[in-house]
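2 protein chains.
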Amino acid sequence: MLTESGTTRLFTSDAPLTMSNGATLGPVDVAWERYGELAPDRSNVVFICHALTGDAHAAGLREGDTKPGWWDSIIGPGKPIDTDRFHVICANLLGGCRGTTGPASVDPATGESYGLTFPEIHVADYVNVHRALMKEFGIERLAAVVGGSMGGMQALHWGLRHPEELRSIAVIAASSRLTAQNIAFSAVARAAIMRDPGFHDGRYLELGDQPSMGLSIARMMAHITYLSEEGMAEKFGRRFQEGDAKHGFGVDFAVESYLEYQGRTFLNRFDALTYLYLTRSMDYFDPFADADAAHMMAELQIPALVVSFDSDWRFDTGHSRRIVRELEQARVPVSFREISCPWGHDSFLLSDPDYHATVRAFLQGVQYV
Amino acid sequence: MLTESGTTRLFTSDAPLTMSNGATLGPVDVAWERYGELAPDRSNVVFICHALTGDAHAAGLREGDTKPGWWDSIIGPGKPIDTDRFHVICANLLGGCRGTTGPASVDPATGESYGLTFPEIHVADYVNVHRALMKEFGIERLAAVVGGSMGGMQALHWGLRHPEELRSIAVIAASSRLTAQNIAFSAVARAAIMRDPGFHDGRYLELGDQPSMGLSIARMMAHITYLSEEGMAEKFGRRFQEGDAKHGFGVDFAVESYLEYQGRTFLNRFDALTYLYLTRSMDYFDPFADADAAHMMAELQIPALVVSFDSDWRFDTGHSRRIVRELEQARVPVSFREISCPWGHDSFLLSDPDYHATVRAFLQGVQYV
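Sequence lines, in order, name chains R and P. Each residue of the first sequence is one higher than the last, beginning at 1 in the UniProt record's numbering. Each residue of the second sequence is one higher than the last, beginning at 1 in the UniProt record's numbering.
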């Protein structure tokens, strides 16, 4: 199903990206994948924004892989984001560690990785890089921008600030403004990473080290917030990993084994600096602080789908309701659905029938020709 | 108000404590405090069981202290646990690090701290040491055993297993069986401690080191679970610590400053090994796994007060309802109250009027003479 993949240099040292905080950055390379046929008039493009730990590999099984892309459940031939109809593009976001330039990349000015000298990233910067990629591909207007969790924040920002570049947005399990508790979880995760002696003030790559402990602790804690309490009870309960209690302080309960595995495998595919930069960008995201934020989207009557899950306690339905209120107040056409699904925040990655039917119907209704 | 405080040796190397897992331990010293007058017939004693990070200093202001004991809000002259009427005793529990023998104590067999050679502790062991202390004090029957959170587990265990030694129990914001999510949070906290290079496989005391990073991360994460999301929003919201956003990865939001402070100050008063042992004892606590657990308490018709707080998501009301169901099924007289209070699990330490009135009324009704 994968049509094409690649890495494209969008900005150079001579023609750098200007970031939200005024800093410039170049070169900027972006890793991307494309699925399905592009219509001759290029009108059938759906852009997928990924979440905190995602990457460009959203769908399909690549040669040598044992698992398909992270959103293969919803993207593919005949699936809700239907590659028989849409040309689907996903890119690793700015600051990422999966092919796109990020703090672990080499700074040409020093010959060493950026580390903490990488400029602060805002959600606007992810979107500006995605926009530059679309320009590079000659795509003037997207049929839809779709994202879950932090991906939903990007879809929302894109819709609010650049509505002329798209025809619809789908904002799933996302937030327009983190709560104190949301920030608190990320703050503890960052503290675990930065206080790890392996962090070396962000210079661990040159030193051949890694804040493995901090990053795995961050990931384990995050996984607790991705699953609902009831989902965890259903999945693990108080079961022991090996039949009987072993006692001691090692892995004994099945839920401990799950977290330990998640923490360990994360180290092979993710970078600690990326974790810092991306979580921090969410803390500061607050598009409706500008009371007039949605007026351009309203003028163009760009429809938005907003989806939440009733068991999601990372970004509970209150977060989605707030987005809906802000958009409706500005007269943006909004379709809102709270899906009943027991799997917490992770539900957006799963195949709940109501959820999938909702996304399918919304995209079928998008006027893009 | 403090009547007396001290440390008592309850077990020795020659006459050791036999623990739940069969291990023996001696000497065992216990730090305690007493408030209010003991009635001549010793019938007016209320024993207070403390929670994970508490100690024997439950009430009153000791010389040189700037803050009163951890439950001073509820214990004192004229307060719900009324020292004009009751003789109140609190002791640091077994495994603690506040005067009572624990894994940081010196093992006489080696001359070094126990570390991870300290035997596994069950809730039954805390209670057995408290019972030995009461025996030492010549107190045959308690008017009440009262505890919040892990203290409530001890009160429950004492009531179920040794109902002849008491006349009532009050089990506040507690659980009779942790959920997968509860265990998960503790598992991540323990991983942070044990993976800290300063942990040295539990031998950090001899080496003059400490797993400071892991212990502070554990504490910060725990604090998120002690406050409700709404309580955190009310207390901190998205306020910045210094008026304006500073950006970067340091403390910027007020909630970050709060967590950082909690994590840092905890290091001065708590031991990482104690954190491991005490959290693990909660994971395995499951008294009603024995279907007949409450029959002795029912036979003696020992009344139980069970209190939960509607905003508590560490041990939500479902945990308390389960305790109530189990006790009622066995025909134990139970009074259950869910208190509406926005401050999450921490509510049990605060002065909500309904909560205090409930505890006061229950203790006033206890027949102890």
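Derived from the structure by calculation, the hints contain no laboratory data. Among the clues, some could well be false.
Since the list gives no way to pick out one identical chain from another, each pair is judged satisfied if it fits inside one copy or across any two copies.
Here are the simulated DMTMM-like pairs of lysine to aspartate or glutamate, each with C-alpha atoms no more than 25 Å apart in a straight line [what the hints assert, rightly or not]:
#: 1; residue 1: K246; residue 2: D286
#: 2; residue 1: K235; residue 2: E338
#: 3; residue 1: K246; residue 2: E165
#: 4; residue 1: K67; residue 2: E4
#: 5; residue 1: K246; residue 2: E120
#: 6; residue 1: K246; residue 2: D352
Remember, it's a predicted structure, so these values are computed and weren't measured experimentally.
Taking the hints in turn, this is what the structure says about them:
1. K246 / D286: between (47 Å within a copy, 16 Å between copies)
2. K235 / E338: For K235 and E338, only the intra-copy Cα distance (23 Å) is at most 25 Å; the inter-copy one is 28 Å.
3. K246 / E165: Answer is neither; intra-copy 58 Å and inter-copy 33 Å both fail.
4. K67 / E4: within (18 Å within a copy, 66 Å between copies)
5. K246 / E120: Result: close only across copies, 12 Å inter versus 46 Å intra.
6. K246 / D352: Neither way: K246 and D352 sit 36 Å apart in one copy and 41 Å across, limit 25 Å.
Against the hints set out earlier in the document, violations occur for numbers 3, 6.
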